[in-house]
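The residues making up each chain are set out below.
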Amino acid sequence: MSSPQPRIGVLRFPGACDDRDALWALGALDAEAVFVWHTETKLPDLDAVVLPGGFSYGDYLRCGAIARFAPAMAAVSEFASDGGLVLGICNGFQILCEAGLLPGVLRRNESLSFVCRDVRLVVERADTPFTTRCTEGNRLTIPVKHGEGCWYADDALYQELVSRGQVVLRYAEPVNGSRNDVAGVVNDKGNVMGLMPHPEHAVDPLLGSADGALILSSLVESARERALAAV
Amino acid sequence: MLVRPKQGILDPQGQAVESSLRQLGFSVGDARVGRVVDLEVDSADAAAARAEVERMCEQLLANPLIESYEIELMDDEG
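Quick mapping for you: the protein sequence lines, in order, are chains C and H. For the first sequence, numbering that gives the first Met the number 0 gives the first residue as 0, with consecutive numbering after it. For the second sequence, numbering that gives the first Met the number 0 gives the first residue as 0, with consecutive numbering after it.
None of these hints come from the bench; they were simulated from the model. Just to be clear, a hint being listed does not mean it is correct.
[To be verified] Residues from chain H that keep clear of chain C, each with C-beta distances beyond 12 angstroms, as calculated:
| id | residue |
| --- | --- |
| 1 | L20 |
| 2 | F25 |
| 3 | D41 |
| 4 | A46 |
| 5 | A48 |
| 6 | E51 |
| 7 | I70 |
[What the hints assert, rightly or not] Computed footprint of chain C on chain H, listed as stretches where at least three residues anywhere in the stretch have a Cβ under 8 angstroms from a Cβ of chain C:
| id | stretch |
| --- | --- |
| 8 | 6-19 |
| 9 | 55-64 |
[To be verified] Straight-line Cα separation of at most 20 angstroms, DMTMM-like style, residue types lysine to aspartate or glutamate; simulated pairs:
| id | chain 1 | residue 1 | chain 2 | residue 2 |
| --- | --- | --- | --- | --- |
| 10 | H | K5 | C | E109 |
| 11 | H | K5 | C | D153 |
| 12 | H | K5 | C | D154 |
| 13 | C | K144 | C | E109 |
From the three backbone atoms N, C-alpha and C, an ideal C-beta is built for every residue, glycine too.
Hey, can you work out the whole structure from these sequences and the hints?
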């Protein structure tokens with residue numbers, strides 16, 4: 000039985016640099032991936048949205064602080080509040096935090112150095128739409144490349160997120176000073192996720208790891224289910 | 000506006016500045032690095048200007064999770 004390809008939009012902001020990798024990876028994982036320009040006030044008909052990595056608006060002021068006011072972001076907020084799947088990678092994660100769609104904030108790495116290497120991650124939750132292909136406790140190897148990936152939430156917020164199971168990925172090693180090594184979180188409804196590592200850079204063994212495909216194919220599969228449910 | 004890391008928030012940039020100053024022989028402690036935003040607003044009076052700038056800080060110029068801000072108004076008639 001052939002199932003339809005889900006349609007996934009990849010937002011393009013000025014200063015993005017991983018948008019083409021994200022588009023390619025989603026296509027390779029059997030999604031129909033389309034670019035959405037940041038000035039669009041309406042999203043096309045989509046089953047999921049990906050906010051790719053990069054340095055939108057030059058990271059001026061704070062990472063993601065300017066991009067969150069892009070016209071397309073209002074449409075993404077609406078899409079998310081209607082239950083649509085949204086995945087933010089690196090700068091996309093920073094934008095979602097600044098937009099208030101995800102809890103916490105990404106700050107300058109504790110070391111003040113840019114980190115660019117493969118890191119090991121532990122999957123804490125395998126029951127989100129973004130991790131269905133993983134199992135709890137899975138160790139993934141996925142690269143990071145960021146100067147501002149130190150996720151921060153105060154004690155009260157962090158405890159709240161842990162008790163609600165919103166921490167999805169943790170680093171298995173010190174990477175950037177993130178609170179309790181948090182690498183990825185979901186919102187309370189579970190339909191918006193952000194992570195600092197780049198799954199789109201790890202979808203083929205030739206690139207050193209194909210573990211990123213577990214995350215992205217989970218998203219593609221979840222988007223496909225939603226597309227089928229909507230028919 | 001003076002925007003800076005909230006008290007109790009680790010400021011690695013401030014720490015790096017502090018250790019550099021110490022290396023230069025200055026006896027300093029608790030250095031914190033913030034940012035200054037200068038801008039002009041056209042308001043009826045100081046209270047209105049302050050209220051408007053506060054909204055700017057809350058919505059864009061500071062992230063209330065990690066940053067605090069102070070506003071200083073300077074009158075520039077004309």
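Checked hints:
1. The non-interface label for L20(H) is consistent with chain C: the shortest C-beta to C-beta separation is roughly 15 angstroms, beyond 12 angstroms.
2. Remark: the non-interface label on F25(H) is consistent with the geometry, its nearest Cβ contact in chain C lying 20 angstroms away (cut-off 12 angstroms).
3. Listed as a non-interface residue, D41(H) keeps its Cβ farther than 12 angstroms from every Cβ of chain C; the least gap is roughly 22 angstroms.
4. Against chain C, the non-interface label of A46(H) holds: every CB pair exceeds 12 angstroms, the least being about 26 angstroms.
5. Once the 12 angstroms rule is applied to beta carbons, A48(H) is consistent with being away from chain C; the minimum gap is 21 angstroms.
6. No Cβ of chain C approaches the Cβ of E51(H) within 12 angstroms, the least distance being about 17 angstroms, so the stated non-interface status holds.
7. Every beta carbon of chain C lies more than 12 angstroms from that of I70(H), the smallest distance being close to 17 angstroms; the non-interface claim holds.
8. Counting residues of the stretch 6-19 of chain H whose C-beta sits closer than 8 angstroms to any C-beta of chain C gives 5, which meets the bar of three, so the coverage hint holds.
9. Coverage of the stretch 55-64 of chain H by chain C holds in this model, with 4 residues showing a Cβ closer than 8 angstroms to a Cβ of that chain against a need of three.
10. The suggested pairing of K5(H) with E109(C) holds, with an alpha-carbon distance near 16 angstroms, which does not exceed 20 angstroms.
11. Restraint check for K5(H) and D153(C): satisfied, since their Cα atoms lie roughly 11 angstroms apart, inside the 20 angstroms limit.
12. Between K5(H) and D154(C) the CA atoms are separated by roughly 14 angstroms; this keeps the pair inside 20 angstroms, and the hint holds.
13. A hinted pair counts as satisfied when its Cα atoms are at most 20 angstroms apart, and K144(C) with E109(C) qualifies at roughly 14 angstroms.
When each numbered hint is compared with the structure, no violation occurs for any of them.
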